[in-house]
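Engineer: Chain by chain, the residues:
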Amino acid sequence: MAKTLVRLTVNGATHEVAVEPRDTLAQALRDGCGLTGTKVGCDLGTCGCCAVMLDGRAALACLTLALEAEGRAITTIEGLGGGTNLHPLQEAFATCGGSQCGYCTPGFIVTSAALLDHEPSPSRERIKDAISGNLCRCTGYIKIVDAIERAADRIRVAKTPADAPSRELQHN
Amino acid sequence: MKPFSYARPTTAADVLKLLSPTARPKAGGNDLLDLAKRGVSTPATLVDLSRISVQEGGPRFDGVTVAEGGQLEIGARVTLAQIAASADVLRIFPALADAAAAAATPQIRNVATLGGNLLQRPRCAYFRDPFFDCLKRGGTSCPARDGVHDEMAIFGNAKCCATHPSNLATALLAAPQAGLATITVEIGAKGGLVWRTVELSDGFFVRPEDDPLIEAAIAPGELLWAAFVPAAPVSAYVEINQKQSYDWASVACAVVLDVEGDKIADARIALGAVAPVPLLSEPAAAALRGKGLRDTAAWDAAAAAATQGATPLARNGHKVRQLRAVVRRAIEAAVARSK
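Protein sequences, first through last, are from chains A and B.
The first sequence begins at 1 in my numbering and counts up one residue at a time.
The second sequence begins at 1 in my numbering and counts up one residue at a time.
Honestly, the hints are just simulated from the structure, not real lab data.
Mimicking BS3-like on lysine-lysine, the simulated pairs with C-alpha atoms at most 27 Å apart in a straight line are: (1) A/K3 - B/K2; (2) B/K291 - B/K263; (3) B/K291 - B/K339; (4) A/K3 - B/K37; (5) B/K339 - B/K263; (6) A/K143 - B/K243.
Which chain A residues stay away from chain B? Per the calculated CB distances, all over 12 Å, these: (7) N11; (8) G34; (9) T36.
Glycine included, every Cβ here is placed at the ideal spot set by N, Cα and C.
Only chain B is shown next, with the shape it has when bound in the complex (with noise of 0.2 Å):
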């Protein structure tokens, strides 16, 4: 690793005052030491958000607690063992919970974070090799098109073809108004701090068509402090993978249904590992939609409805039967949860 300094400030404030595009927010750090030494990443500081203390009239930056209405809150510190053994989480949003038991190891869910999970950045083996050109550290060409793309993206992929990494995203986009809390300070002698909240279903996921060099809307001086959940019982997230342990999932998906009787009134069908950034695929949710929760054809008709519009490169197109594979399983596991 290049040298970095290390700051360790206990104020959220103080945190925002020193984090800039060369001062990087460290939680878990899992993505970021990684990022760090294979030298793609060359933060001049990290600020170390452990030591920050509870912050008062906002959102908790720690634990998971049940607002009134029932909605998860979900601070942005929280690790994934802690988000995937919360009883409240089960209860409520349980797609969520089977996200974070899925990713990394037991040693790394430990220590990683909501916050971090949802801000990883790409796992394409050519962003992570300083080697290589690559449009996401702004060079001009992606070698992934003509190289090895097994495990890329089958959507949007015709100018970055790297998937979006987080399990987390996956399941909070099928959440219906699942929205993130940020913060920053005010520029200016009285350096209040600033709140902010946005959908995740409404641009908080970068395209690379936008911007290649980020995926997360999120500004350099921004802290993502928690994460707003409403109810969402009858639901749940599946992945395959090569490999059984520490493996980002080749395709994902996360369903919510909402049940009426024994019919699926609505349901939210979230796709990932298929794109650049997590979607939403409404040809498979309106597949459901007005149908008996247990008529398996309609499973079927959602399943091969979200790979409607896959545009698999000349390696990957067995992701597409993957995808159709992985809804289908997300469908019934879902409504094996419903009572």
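In isolation and in its complexed conformation, chain A is listed as follows (with noise of 0.2 Å):
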């Protein structure tokens, strides 16, 4: 089958890839672009290593073909942080232990920062269902918890002066 040419947004910045139609998002970011952050576990959807947002949601690149990506916003792990600072789940993640092999790492932090995006403040009932597409064989989990949890205050606590300006501030 003939290669098409794509042009992937990812993290803010356009690729141009060479695709089949049957290659996946997954090969297209780590094969075309380059983004080797995005892992492939089970290739079938199970595993959520391959998580990327797409949109601003999480979704599974292994499951999404590189054409129909074409004019989403896509992000992966290498667009957290600005690329040269840790995201605060970055730094969670490493903090808490929330990592040992490494693997399943990205597909958690991508999850949860989808997650974060849209409830900063969720309880730890609610990501632990938030990150139930996310396979982990090392941790157990509840570091991966902890983190994410640390995470949240972390942002929240950076977001507050911005988000609600103390007495003093909105007197300047």
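Please dock the two separately framed chains into a single complex, following the hints provided.
Structural biologist: Okay, here's the thing in structure tokens:
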């Protein structure tokens, strides 16, 4: 099957990639864009390793065709934290021991970043539900949930001055 | 995956002109790509449904709308995440929101659609592995009968014992007069659109005795477009799984109650994951009719009646007991939604 050029918008940058219709977004990101942070585990939608954001919502890159991702805003693990700084979730996963072998970690972090974008203060139960499509064979999940809670707290604290100006700031 | 070509038409008419036994419609594509990766399905063309613009003069392909008379109209392209979170669905037919929330994983629910959920193929491991013979793939035998069939059918399993995989089908079947709208394109020069509506309880689901190759009576050139659901606010869907996430139901039950005062005037009880098609259990419904809303002896009687006529295989007798439990839980969950 002939390859066609597809324009993918990944982490705000445009990538032109030659793909076959059968190529998944996961293949296009890893082999075409050189963004190997997105991992492929089961390649059948069961493990969540390949989770990316499509227009701000968590989705699986192994069950998305590269062609259908054209025109969508794709966010991968490389797009969090601006590429050079650690995103609060990445910092919290490292601090809390939420990552061991690390293969599932990008999927967990992208999925929880999508959660925190829409729900800044999720309950522990809500966090567990949001990551129920991500499998980790190392950690036992408790430290992952701890890390997401820690990151949520840090993001809320960082946003507080802008969202709710204090009395002093209002006077200035 | 075997190579395929990819078409991205922008109108329903153009989609319908392309569809054929080898050119298949793709919405979320979760099941389609799973089947293609396993080599079970080898479409020559995938027809992307994501670019179809709004169709004039028919039901909507997108969104949840409340029609006059309070009936829900849900486009086939609506995602499971949207159904699970829809205030209208939760108010008018909460069993459907339960069923959507219980499906797959959050990532898949963000992409998977109502239409795709209803038309997904069975999860039988023998069907999904081309190494094995399978009646559903045109073969002559069913290795599941003498194989690993712990999760397979306990009703209607004489020929094929794969269970129907759709949560939403079970929930919709419990709603009285729930229907689906489909469209085809007229053969001939004019090529106008032809609408068809079908009641879910009236032959939409195909038994393996009638045709083992398909599970739904929808033609290769026909597109599922929308579902209509009458109001059934006292309703619930409950399933029991082996795993807490990303697992198709071991057994499932959707209950719709018509409540008058503190009595159950009428009931509909649909059973899922226990037969090749979702089943309505009349014995279970009969055990509730005329009984008190909180008559737990009647709930137990209905749960026991739902297992009448079960024909479990050598290794899945446990599903009979699970079915009894899930029917009891679903009745209790529906009653909790009455005022």
